[in-house]
Amino acid sequence: MGSTTTDQDLIARMKQRALHLKARQRATNTIAYEIRRSRKTFVAVMAVIGAIVVDGAFVAVERALIGDFGVWRGTFAVFVFGGIFGGLLGHFLLSTAPGRRRLASREARLALKYGADLSAGRRWLEFYFEDEDISPYIPEILHSIENEHRFDSVRAALEAVKQWHYQLDNARSRARALEVFREAAGQTKVVTVASVDAEGRPSARVMNFVTSDQDDLWYLTTAPDSPKVAELDRGGIALVTAQTRSGATISSNQLQLNRSDRRFLSVAQLYRDQVPGYVEHMSDDERQHELVYELRLYSAKIETWTERNVLVFSEPDESPPS
Numbered sequence: 007m008g009s010t011t012t013d014q015d016l017i018a019r020m021k022q023r024a025l026h027l028k029a030r031q032r033a034t035n036t037i038a039y040e041i042r043r044s045r046k047t048f049v050a051v052m053a054v055i056g057a058i059v060v061d062g063a064f065v066a067v068e069r070a071l072i073g074d075f076g077v078w079r080g081t082f083a084v085f086v087f088g089g090i091f092g093g094l095l096g097h098f099l100l101s102t103a104p105g106r107r108r109l110a111s112r113e114a115r116l117a118l119k120y121g122a123d124l125s126a127g128r129r130w131l132e133f134y135f136e137d138e139d140i141s142p143y144i145p146e147i148l149h150s151i152e153n154e155h156r157f158d159s160v161r162a163a164l165e166a167v168k169q170w171h172y173q174l175d176n177a178r179s180r181a182r183a184l185e186v187f188r189e190a191a192g193q194t195k196v197v198t199v200a201s202v203d204a205e206g207r208p209s210a211r212v213m214n215f216v217t218s219d220q221d222d223l224w225y226l227t228t229a230p231d232s233p234k235v236a237e238l239d240r241g242g243i244a245l246v247t248a249q250t251r252s253g254a255t256i257s258s259n260q261l262q263l264n265r266s267d268r269r270f271l272s273v274a275q276l277y278r279d280q281v282p283g284y285v286e287h288m289s290d291d292e293r294q295h296e297l298v299y300e301l302r303l304y305s306a307k308i309e310t311w312t313e314r315n316v317l318v319f320s321e322p323d324e325s326p327p328s
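The opening position of the sequence shown corresponds to residue 7 in the numbering used here, with each subsequent residue numbered one higher.
No lab work stands behind these hints: they were computed from the structure.
Beta carbons: idealized from backbone N, C-alpha and C, even for Gly.
Just so you know, not all the hints are guaranteed correct.
[To be verified] Derived lysine-lysine pairs resembling DSS-like cross-links, with alpha carbons at most 30 Å apart:
id	residue 1	residue 2
1	K119	K21
2	K119	K46
3	K234	K119
4	K168	K119
5	K307	K195
6	K46	K28
[Stated by the list, open to error] Pairwise CB distance ranges (calculated):
id	residue 1	residue 2	range
7	R265	S320	39 to 49 Å
8	E313	V67	54 to 64 Å
9	R240	Y39	46 to 56 Å
10	T102	R69	13 to 23 Å
11	R278	V65	43 to 53 Å
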């Protein structure tokens, strides 16, 4: 090929990116596999314990009542019943708060173990060429240059791939972005809100939020005497959600935040459902005077361990959907 040194360097970096992302995907798959194996192992151990305990109790009772006669009659059936009972108990225990904490702790240890691959892969999610992030097009660029030999420059391959992407129906990619967005928003209700004070100094606050029946509309609340009120009323904020167990975050600086005419009681049920304990720890007076803010997202970036999506809801000058 007649590619330039610059093109060759770009292609080499693209290949390096592909290797890092593959390592990241393997690490993610390994973590998911280990978590599934931990669940199955725990349930299996509980099944064995349940079988032994129930069968042992059956044998002990039968010996006490009728001695040695017929002591093994029905033992196998009782053993199987005990195993089923133990397995169901294991599933139940994993669904409790201690069980979820046990799995979360296991997942955190695995994330630490494979942290190098996960972090290195995340660094390569974005790939800039002439101030443009071309990461969505890299697989097709490499394929058209390395396998099909259709182009001898990254620029020519990029233009062809972008044209191909433009001609495709993007409904599928938007559906995927919306799916990841909803999943991430459902797994965390903690967001860091960044703003500036009256003197232009940056400020950040960790807040709870709740989602509504509109994907692009969230609610935040704060006390009326909070120093953050003036900054929230001023607007010009950015946000990023807390990272979920799957490594997902939602971030945006394309949004609008307005103080709502709603009373807190109108969104209290959303907080009860999505942030357990939030409403219960407020006094009646706090519930009466709590300020409600409507947060309208125009677009959002959703990043996980393995993918990056940008979801556009509307343009800032468009009327939000009703």
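Quick check: which numbered hints come out false for this structure?
Hints 3, 4, 7, 10 not satisfied by this model.
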